[in-house]
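Next come the chains, spelled out residue by residue.
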Amino acid sequence: MNPIFAILAGVTVGAAVAAMALRNLVHSVLCLTVSLVGLALLYLRLGAEFAGFVQILVYVGAVAILIMFAVLLTRGGEAPPGRIANAPWSGLAVAAAVFAMIAWAIARSPALRGMAKDPAQPPLSVKAIGDKLTGDLVLPLQVVALLLTAALVGGVVIAMSEKETE
Amino acid sequence: MTPYLIVSALLFSIGFAGVLTRRNAILVLVGVELMLNAANLNFVAFWRHGPNPAALDGVMFVVFAIAVAAAEAAVGLALVIAIHRHCRSGNVDEASGMKG
Numbered sequence: 543m544n545p546i547f548a549i550l551a552g553v554t555v556g557a558a559v560a561a562m563a564l565r566n567l568v569h570s571v572l573c574l575t576v577s578l579v580g581l582a583l584l585y586l587r588l589g590a591e592f593a594g595f596v597q598i599l600v601y602v603g604a605v606a607i608l609i610m611f612a613v614l615l616t617r618g619g620e621a622p623p624g625r626i627a628n629a630p631w632s633g634l635a636v637a638a639a640v641f642a643m644i645a646w647a648i649a650r651s652p653a654l655r656g657m658a659k660d661p662a663q664p665p666l667s668v669k670a671i672g673d674k675l676t677g678d679l680v681l682p683l684q685v686v687a688l689l690l691t692a693a694l695v696g697g698v699v700i701a702m703s704e705k706e707t708e
Numbered sequence: 006m007t008p009y010l011i012v013s014a015l016l017f018s019i020g021f022a023g024v025l026t027r028r029n030a031i032l033v034l035v036g037v038e039l040m041l042n043a044a045n046l047n048f049v050a051f052w053r054h055g056p057n058p059a060a061l062d063g064v065m066f067v068v069f070a071i072a073v074a075a076a077e078a079a080v081g082l083a084l085v086i087a088i089h090r091h092c093r094s095g096n097v098d099e100a101s102g103m104k105g
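Going line by line, the protein sequences match chains A and C. Letter by letter, the first sequence follows residues 543 to 708 in our numbering. Letter by letter, the second sequence follows residues 6 to 105 in our numbering.
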């Protein structure tokens, strides 16, 4: 296994474990950010530059900050007393069973064995992506624009204080 | 190819464990985000090693999935803030009533 891949994968998975296991919510969100950066670097390693930079812009730049705002608005930064998890052992057992099943499927898959070990770098230009988005995929692009508008309006309406909505 | 799929499966399981066990609603949303990202890693890995990478299908899927995940995060966090204002708690166990 490539050492760079091993480091990136270790950082990504380790930060994800920390994000799910830490008691303090602010620490959790910061670990989630590290994990998202690790994923973006894995995309870059796979040759998907556009996806990697979109990941950094949208996830690291916007979603992580949004979650941090929510943590601070709900005063989640103060570590709560008492348990942080419900039935942790049965939950972990179910998640481990899911992982074991996926790993078994990956190990047994005949389709994966036929794939090239390290194929040539496919051509990926932003121009090709733009052509695709405004050509074949123009309808999905419009639907996503509508979805984002609806999410914006819905988020404002839901988060508005209850007195104003009456 | 296989190492990427294993990393993706690990991320999915970690996010799933968080969704199942954590008591804070924000951490449940963070778990969902991790699961979505695991699926995105699979899309990119299969695009790179698939038979027709010039078609860009995997990258397009990832771009659309990131847009939908951003919308989901915005609405989900607005719901968390509304529940916190109503119940004075970010705990998913205490938001158990459906009426007012």
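Simulated from the structure, these hints should not be mistaken for laboratory data. Hints are supplied without guarantee of correctness; some may be wrong.
[Unchecked claim] Distance ranges between label pairs, derived from CB positions:
1. A60(C) - M702(A): 17 to 25 Å
2. S94(C) - R655(A): 46 to 54 Å
3. A649(A) - M103(C): 17 to 25 Å
4. P630(A) - M103(C): 22 to 30 Å
5. S94(C) - V636(A): 31 to 39 Å
6. M543(A) - S94(C): 25 to 33 Å
7. M543(A) - M103(C): 19 to 27 Å
8. D98(C) - L615(A): 32 to 40 Å
9. M103(C) - G624(A): 22 to 30 Å
[Claimed, not checked] To spell it out: a stretch of chain A is covered by chain C in this simulated footprint if at least three of its residues, at any positions, have a beta carbon under 8 Å from a beta carbon of chain C; those stretches are:
10. 581-592
11. 602-614
12. 629-636
Just so you know, even glycine gets a beta-carbon here, dropped at the ideal spot from N, CA and C.
Cross-check of the supplied hints:
For the pair A60(C) and M702(A), the supplied restraint of 17 to 25 Å is violated, since their beta-carbon distance comes to about 44 Å. Checked against the hint of 46 to 54 Å, the C-beta distance between S94(C) and R655(A) comes to roughly 51 Å, which is consistent with it. The given range of 17 to 25 Å is broken by A649(A) and M103(C), whose C-beta atoms sit roughly 44 Å from each other. For the pair P630(A) and M103(C), the beta carbons lie near 27 Å from each other, so the given range of 22 to 30 Å is met.
Judged by the Cβ atoms, the range 31 to 39 Å given for S94(C) and V636(A) is violated: they are separated by roughly 25 Å. Between M543(A) and S94(C), the C-beta spacing of about 45 Å breaks the proposed range 25 to 33 Å. Distance hint check for M543(A) and M103(C): the Cβ-Cβ separation is about 50 Å, which falls outside the suggested range of 19 to 27 Å. Distance hint check for D98(C) and L615(A): the Cβ-Cβ separation is about 20 Å, which falls outside the suggested range of 32 to 40 Å.
Between M103(C) and G624(A) the Cβ separation comes to about 25 Å, which falls inside the hinted range of 22 to 30 Å. Chain C is given as covering the region 581-592 of chain A, and this holds because 7 residues of the stretch bring a CB closer than 8 Å to a CB of that chain, at least three being needed. Only when three residues or more bring their CB closer than 8 Å to a CB of chain C does the claim for the region 602-614 of chain A stand; here the count is 7, and the claim holds. Beta-carbon proximity to chain C at under 8 Å applies to 5 residues in the region 629-636 of chain A; the threshold of 3 is reached and the given coverage holds.
The structure fails hints 1, 3, 5, 6, 7 and 8 (numbered hints given earlier, in ascending order).
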